[in-house]
Every structure is written in C-alpha cells, then in structure tokens.
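Chemist: Guided by the hints, dock chains B, C and D onto chain A, whose structure is given.
Chains as they are written, first to last, in my numbering: chain A, 1 to 290; chain B, 1 to 290; chain C, 1 to 290; chain D, 1 to 290.
Because the hints were derived from the structure by calculation, they are not lab data. Please note: incorrect hints may appear among the correct ones.
Which copy is meant is left open, because identical chains are indistinguishable; a pair holds if it fits in one copy or across any two.
As the list claims (entries may be wrong) - With a cut-off of at most 27 Å between alpha-carbon atoms, the simulated DSS-like pairs for lysine-lysine come out as follows:
#, residue 1, residue 2
1, 285, 209
2, 102, 59
3, 102, 134
4, 59, 285
5, 209, 102
6, 86, 59
7, 154, 134
8, 86, 154
9, 285, 86
Protein chains: 4
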Amino acid sequence: MHGERFYTLAASCPDRTGIIARVTGFFAEHRGWILESSFHADAAADGRAARYFMRIEVKADSLPFMLTELRARFAPVAAELAMDWKISDSAVKKRVVIMVSKQEHCLYDLLARWQAQELNIEIPCVISNHDTFKGFVEWHGIPFHHVPVTPDNKPQAYAEVQRLFEESHGDTMVLARYMQILSPELCAAYPGQILNIHHSFLPSFVGAKPYHQAYQRGVKLIGATCHYVTAELDQGPIVEQDVIRIDHSDSPDDMVRYGKDIEKTVLARGLRYHLEDRVLVHGNKTVVFR
Amino acid sequence: MHGERFYTLAASCPDRTGIIARVTGFFAEHRGWILESSFHADAAADGRAARYFMRIEVKADSLPFMLTELRARFAPVAAELAMDWKISDSAVKKRVVIMVSKQEHCLYDLLARWQAQELNIEIPCVISNHDTFKGFVEWHGIPFHHVPVTPDNKPQAYAEVQRLFEESHGDTMVLARYMQILSPELCAAYPGQILNIHHSFLPSFVGAKPYHQAYQRGVKLIGATCHYVTAELDQGPIVEQDVIRIDHSDSPDDMVRYGKDIEKTVLARGLRYHLEDRVLVHGNKTVVFR
Amino acid sequence: MHGERFYTLAASCPDRTGIIARVTGFFAEHRGWILESSFHADAAADGRAARYFMRIEVKADSLPFMLTELRARFAPVAAELAMDWKISDSAVKKRVVIMVSKQEHCLYDLLARWQAQELNIEIPCVISNHDTFKGFVEWHGIPFHHVPVTPDNKPQAYAEVQRLFEESHGDTMVLARYMQILSPELCAAYPGQILNIHHSFLPSFVGAKPYHQAYQRGVKLIGATCHYVTAELDQGPIVEQDVIRIDHSDSPDDMVRYGKDIEKTVLARGLRYHLEDRVLVHGNKTVVFR
Amino acid sequence: MHGERFYTLAASCPDRTGIIARVTGFFAEHRGWILESSFHADAAADGRAARYFMRIEVKADSLPFMLTELRARFAPVAAELAMDWKISDSAVKKRVVIMVSKQEHCLYDLLARWQAQELNIEIPCVISNHDTFKGFVEWHGIPFHHVPVTPDNKPQAYAEVQRLFEESHGDTMVLARYMQILSPELCAAYPGQILNIHHSFLPSFVGAKPYHQAYQRGVKLIGATCHYVTAELDQGPIVEQDVIRIDHSDSPDDMVRYGKDIEKTVLARGLRYHLEDRVLVHGNKTVVFR
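Excised from the complex, chain A in its bound form:
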C-alpha cells in the first residue's frame, strides 16, 4: 500500500513466451514507474488451455499521458497478446451497493471501514429486504432502499434491485449476509461483480443453516467463504476463506457467534481484493494477487 495515484492493469491472455517483456516493455518505453506487479501462469488442466494472468500498478504521474490515452496506446499491445484486460484509476472510487437483511455484523464492519477511509469506495446506497437498518444507514448519509422480497414478488423485487443498482452506477454489489437467493437474471447480469459471504467453509455445508450442519457432523473448525455469485447456489468462484476453531462445548448458537467474526473479516478481505482488481476469474476458480 502506498499513497500515490496509480493505474492498475489487470489482464489475462493465452500463455506464450515474452508476455511480461512485451507488457512491461510498453510501460518502460513511456518511462512508467511500476509500483507493484504480479504474474501467474495457470497450467493447462481439465480442458482449460494454459493462461497467463497479471496485475501491474503504474504510478500515474510517471506516464506522459492520461488514462484515456494510456488505454488507447495499450490496446494494440493487448490485441497482439489476445488479452482480456482493463485499466482502472486509483483516483476513481469504486461504487459499492450493499445488500443486507437483519444481521448487524457485516454492515457495521463495512461502514466502519468506509468511515475510516480504509475502503476507498463510494456507497451510493444500501438495499434491504427489511427496514431494520434504515436509521443507522441514513445516519451515515447513505440512502437506504427497502425492497421487500416475498414468495410472490421475486421477479419484481429483483427488477427493482437491478434498477437501483443501475441508477446508482454501481460497480460492485456486496451481499453482506443478505438472506435471499438472487434471481438467475440478476446473477447473469453482473458476472464477477456480485460478492457474497457464505457462512461455511465451502464446499462443506452448502445451502441453509451451515452451522447446524457443522454441529451435526462434529467438525472441529468452522469457516466462511467469500465468493462471486453465480446462478448455481454457493458454487461460484471462491475469492477468500478462513476458519476458526470450535470444540464439543460449542452449541450451534456459539458457532453462529464465532462465525460472524470470520464472516465479516473474510468478506472485507475478499471485497478489498476485488476492489483493487486483485481477483481474476478463471473458469470457476480465481487468481488472487494479494
């Protein structure tokens, strides 16, 4: 971490020789100062071709041009390497829409990080299927939208969520213990943009009441998983996980309580990686350049 404005290139392309040299050569040619760089060759496996991943931070004022021209000049290099790529600007705050239900821990945690400027984001709004946190969110000067979800109104409710996200110019949607399953349409509309925190160490204990499942099985550690949301429940690419030790004296309620500490920490770490363009999706897996 450093205090300077920088551009971040996050990219992947088919593996071949000379990729780093080509990309860093481009920056060197323009005297771009590379602050941080990470590279990873993902071997061919299971029908996936070998693919190369990279993330490069370049100091903004070391380059003799602005972001638009950087993108224009880099485009031919990217084309040459058949790259999927994007370049973001650290001076432009990402817009994160938070979805929440009735549990405090992730919401308070995210707002504390936002208040402390630890997360360099805008929160254009919080959306909830309950109005529990209306006052708390609005006290922070953040708009709060109550969008109830019932068995009958799901299509309309998720259409409304999507409308609010679009209206907010959201970059990222965070399900901060949002206890409803998003519609397949919403999942499909924002691939790699919706982060969920699941309260188990996936792939164990998919679905409802994972702590109760963990209690039944008698495991000695419980965990939480931050993953991208896809249409298939709890099956999206995993971004971050962690666990905590429990023992025989812990009831399911104790596990719920311990689990919250893991959930909020794992969500915050996963979100940070995502916001800093450190997460590159490869099929159903992620490359995370911490």
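Modeler: Only chains B, C and D this time, still in chain A's reference frame:
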C-alpha cells in the same frame, strides 16, 4: 452457550484435596443443576503457592432460593476453603464504559455486538478525549462524554473519567484504542476491571508505534493483545492474543490496517471472557476458562 | 502435563443433578488428589438424550489402594449413575500398532515422538502392505510385518492384520497414511480404537485424491482430519482437524506437500488425545477434553 | 511447483524504471519461457535506499544455451542495472549440512523430507556435539561427525565444523536445534548460508529457555522463528515464523512439546524458501517470494 438464567461462581483458593467435592456437594445438596464447570490447579512456581481455580454455572431456577440467600449459604463453604469468590447472575447485565479516541474499528465492532445482543451488556456511556464519535454514539441512544486530555490537565481529566465511571455504576472499563495512558490512580482504583487492547503481540513491541517497530524488525506475523491495565505500561495480565501473517510487501500502513482486524476480534473475545467471569487473575497471569 | 503417576477416569452417563459431587465425593472420601478434571453436558439433540461426560486424573499415590481396588470400589458409584466408564493407569504404556503404506511423513513423525518419549507408548509392530519401510522400522528395534493387499486376498489380508494386532495385544491401531480401505469386519472389531488420518478437511472431499478435488474447486485452505474408522468410508467421529492456507499458484503437488505437514501434526494431536483418554465418543461425534 | 528443469535468477538492484522490462526482455529475446516470476520494490526507509528485488524461473530447455553461457550473457544486463545476482540450476542439488544436538524432532523431520524427495538436496553429512544420532544418521547412509564442544575447545571445535563444511562442499548449514552458540568467525564466514530455528516468536524471549520465559509472562500463543545466523545472538534476518495457541493449563513442558511441532514446520518452510532462492536479504530483513 444456552438461553437459561444462571448463576456463575468464579473462585480460587489454596490447593488441597476435596475442593471440587466440597463445592459441587454444596450445589448437589440443594439440587442445583450445573450447566458448565471448569477447574484448574495452578502449580506452585516462583514463590507462588499452588492455587486452585474454578468456574461453575448453576441453573438459577434449579435452586430453592434466590441469589442473596445463595451467597449467604455459600459463604461458610468459601470460608472453610479460604476462597476468593464471587457469584454473578446472568440476568443482571454488566455495565461497560467504553473509552475511545479517534479510531472507528473497535467502537463500531463493540456497538454492533451490543446491538445484536451478542454482548449482554449495558453501555451507560462512552468517554473520549475527542468528540469525533459524539453523533454516532448518541444516535445509538448512548450518552457521550468528551473529556479532553492535555499535558496540563491529566489529574483533573482522569478524576472526571473516574467520576463518570462511578456515576454510571460501571463494572468494566474498556479502552477501545484509547490513545492516552491512564493515571496510576485510575489504574489502582479498578484492578482487574480495565481492559485494554494493545496493538502488538506482547511482550514484543511495548509502547508506541508497535507496527513500525514490527516493520523494522522484519517479523512475519503481527498481533494484538487484550490485557488488564496496571500502572506499569503494557505489563498487565494478558487475557487474549492473536496474530495475522504479513510479508515483505506490507508497509507499516498495511500492518496498521491488518492489525485492526486482529485488535477488534481479540478485544471482543477478551471482553466476553471477562464479562462471563471466565478470567481469573493469578499474580501477573490469567486463568481463562473458555 | 506433569510427571506423576496418575489414574484417569473417562466416563459418561445420563445427565442429572449431583454427578460431579457424587464422583468427586468418592475420590475426596479416599483423599484422592485430583490433578486435572473436565466435565461436559451434551444437550439433548436429534433424538439423543442429554448425556454427561467427564475425565478426571487422580494422583496414584494419594489413594490408599491400588488400581484393581479402585475399580472395584468405584463400580457401585458408576452403577448408580448408569455410567460407561474406564480407569487407566499412566504407568501402563498403551500399545499402538502402526499401519503404513509408502509415505514417510507420518511414520517418521510418530517414531521421532516415540524415540523422544513424547508419546508414552509401546509400538509392538508396524504393519504395511509394502516393504518400503522394513529396514527403517527394524533399525528402531520394532518388528515389521509385510501384509500385501490385493483385490483377491482382502479377507485373508485383514484377517492376518487382525491376528497380528491381537498377538501384539494392541490397544490402538493407527492408519498413518495406510492407503487401503479396511474390511468392515476389522472396523467393527475395534470401534473407537482405529485412528485414521484423512488428507482433507472433512466433510469436504471424501474419498480418493482430495487434494486434486480441492484444486478443482479452487478452495483457499486445505486441511486434514483425524477420525475414528467406521465401516462407512471417511464418516467416522472426527477427533481433530486443521488447515493450511494455499493460493492460486499452488499445484495439486504443492498441496500434497503442504498437506503432509498438516496430516502428521493432526494425526499426532489426535493420537495423543486418544491415548490420554481425552476423547469420548457420542454417537458420530466426539467430546475432546484437551 | 512443476517437474521441469529450470534456472532461477535471484537478484536485487537500485530501484529505477524499466527494470522488469530490461530483465524479462533479455529472456524474451532468447525465447526463454518464464515459469514463475516475482518482483518487489522495497521503499527507501531508515537510511536504506529504495531497492528492487526479483526472482525469475526460466525453463532450462527453452533457452538456446546452457547455464554458463546464460550467466555470461546476462552479466552485462546485470552490470547495467548494478545488480547483485545469482542464477542457479534446479538440476544441481544444494548441499545441506545439518547440525544437531540431542533432540529428535527437526532431524527426523528433515530426513523424512529428504527420503521422500520432498527436499531436493544432498546431505553430505550431519555434525553433532553429541553422538546420540550416530546410528540413526548412518543407517540413512549419511556420514555423521561427532564434534564435542566444551568451554575450553570452542575455537578448535568450530574450526573443525568449518573444515567439515568446506570438505563437504556445503552450500547451507542448518542448525536443527543445535544447542551451542556458533563462533563469530563461523557466522561471519557464511552470511546468509546458516539457518537456525529459534524456539520463540522473536523478538520475544531472546536467549535461553524461551518457553519458560513465555510461561512466566502468561502469553496465549507461543512460536518459533527461522532466521539467518549472524554474530549477534537471535538477531539475524527472520525468514519464517509461526505460532500455536496455548492456555493456562499448559506447563513449560507442554509448551516445549507443542513448540516442537512449530519448530520443525517453520524450519522446513524456511529451509525450502532458502533452497529455492526465494529469500533475498535486505539489511536485517528478508524479502521472501513464496
């Protein structure tokens, strides 16, 4: 954890045979239902005599009398064993006064736990040497006291803190990243009642700027320590500690950020142990019946 | 841990009031010095009745009689409480038969602990389906039995294993990365006596090649599980688990390597708990009094 | 990890623009296939100038020349960047001399890893100030040298150790719980080549009996530290650390036992990083490209 009302005996006495039998015999005689019990014999060492520690939770409505009579009837047993003891009632919420300066993370974390009733406490007030969190605290319906501390007014300032704590009928004072050193008088007035969170893995990096000290030394893990405050800075009995992995790419600012996640978790765990009478002090060490 | 000879009572019984008082009263009556004691009430759940678990270490020479008489005198107390119970003597080394295939890590680890007298056991023999470690084991003065297992000879092979275990007066069988599935007969013959180390964080990745399964799913932590062997593969009561962090740069081979460090540590911890009578089985779960 | 032969460049140089482009451009020019690459800019601090660190693995058979010519051709690039550098060949096993006293755990652990070819090394000899492990080491076909160390013979003893190390063409010396303090001359002769495992989480508990120190202080976690040996006791650059949780019931002897598990794991990890040229020393700190 369970939902029933219970009384908690926390006690220690010189070690001898028959202690458990005597104490649990007392409860059995009155048909007291023991929900949880922990025992520990601390061996004689370094001039300390061998001492026996215990914590017993008894279901309130299993006993044929109320707390006052329980205490009266238990007193002779305790006297016989030369015990230091107390019995608390889970239905009586402990009163926790929070001291804070300008950092959000511990304060937000504690208030979220209080809101979620995860911590079964009253917060009669928050005291700060800055007015940063006045609005936030008051939004929660909690009184906020701004007690500035300057090099010149320390005795008066800490006298005022003590007055507020007494007026609040506080049981416990929590320094939730309170960035001033309490007066020796205040420390002496509330032994085993003031909890601090220190942002290093004690005994490493005592004093100021521990993350910068850690950066200088090139350690690979950083930590936080929850301890009772004594007049000697950062030397009080340790209640809880934890660490997080860092590496060469982490600046002191990164460490500060990572450290916050450890600090708030360690403080919350230490506070919970304290509130549930799970921490018994023995010289400069603690027995923690988790 | 302490250096004195002691007897360990490990027991469980239906929950009711007065259990601790009755049991510790028995020891107090004979002036038995309790070195360590643990109690746990397991709530009624899923059709299981509430049950009480305990483990008590009593200093051998504080009692006025020997083990045989202790058992005889305790029997009526146990009967009164409808207890499942056993009392073991720390001076009698448990006899542990190790089963191994071709991987070094767990075998070397166990023998090092045995050499260092960290594990207070006899190893009457090592049994393997390969002869890889014959020389190494025999160098330690331990008999080595090569019992090949083929698709055709399984019943005979496991009959031979059982014969060797009986002949060795084995208390415990440890599958130290033994890569064959025991016969249902063998599993049934020694419930709660056969410990396995499974190379995944169960219940994730049951069965073969768990690290490859973990790689496919893109998890961020991998683990190992020490459990009692039952006829149902990888479904027995879990004794101990732990995990280690991996990332996108780790191949399945890397995971295998990291995993070994977790496997041997988790197996050694689980084995120690088992040998010290710290593990009490309750249905398909365990109470572990660490 | 992968199975192919590769060359590893480990280098550092003053920070400036274009370093990655220059170095990877050199490899690209010769169609060198980069398997893994890591870069780190260490900011100027405390009188240290900003410095750039890198580690690059290039597939050996992708280059049109052998190692000697690679070095010759790379030398001008390195000179241009004022680099400290070395290139090693994965096909050449490093030669690791193990120093041990009377404790099994690290020695057994290292030999198991060597047997399993998990550590790709030669062990030309084991040196000890006791003859405890002579038989065990020789059974593995490894020469064992007993070099007693007494208060009177230290200069001669360490001269003999140095002679044996030289005669063995040792690359690395590993103090696997070697309980003597090396002479300043020996430390000075092999900077960055001697790895020690210290049985505490440095900088806490420097010197003798760290577990007893930890017990006195009442810490809740204990640790181990792998570091390069310098003339100043326990002050050398830290390569790897880890910790394990303890509690009030653990005696110093328990801590010693738990600690061993951490010690051997931390030593093995640190040694692996070192052997794979993942550790670059910068003043009294390390960059570790895991």
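Chemist: With reference to the structure, classify each hint as holding or not holding.
Modeler: Hint-by-hint comparison with the structure:
{"no.": "1", "hint": "285 with 209", "result": "both (25 Å within a copy, 19 Å between copies)"}
{"no.": "2", "hint": "102 with 59", "result": "neither (42 Å within a copy, 31 Å between copies)"}
{"no.": "3", "hint": "102 with 134", "result": "both (11 Å within a copy, 25 Å between copies)"}
{"no.": "4", "hint": "59 with 285", "result": "between (29 Å within a copy, 26 Å between copies)"}
{"no.": "5", "hint": "209 with 102", "result": "within (16 Å within a copy, 38 Å between copies)"}
{"no.": "6", "hint": "86 with 59", "result": "within (16 Å within a copy, 29 Å between copies)"}
{"no.": "7", "hint": "154 with 134", "result": "within (21 Å within a copy, 40 Å between copies)"}
{"no.": "8", "hint": "86 with 154", "result": "neither (34 Å within a copy, 55 Å between copies)"}
{"no.": "9", "hint": "285 with 86", "result": "within (19 Å within a copy, 35 Å between copies)"}
Of the hints listed earlier, those the structure fails to meet are numbers 2, 8, in rising order.
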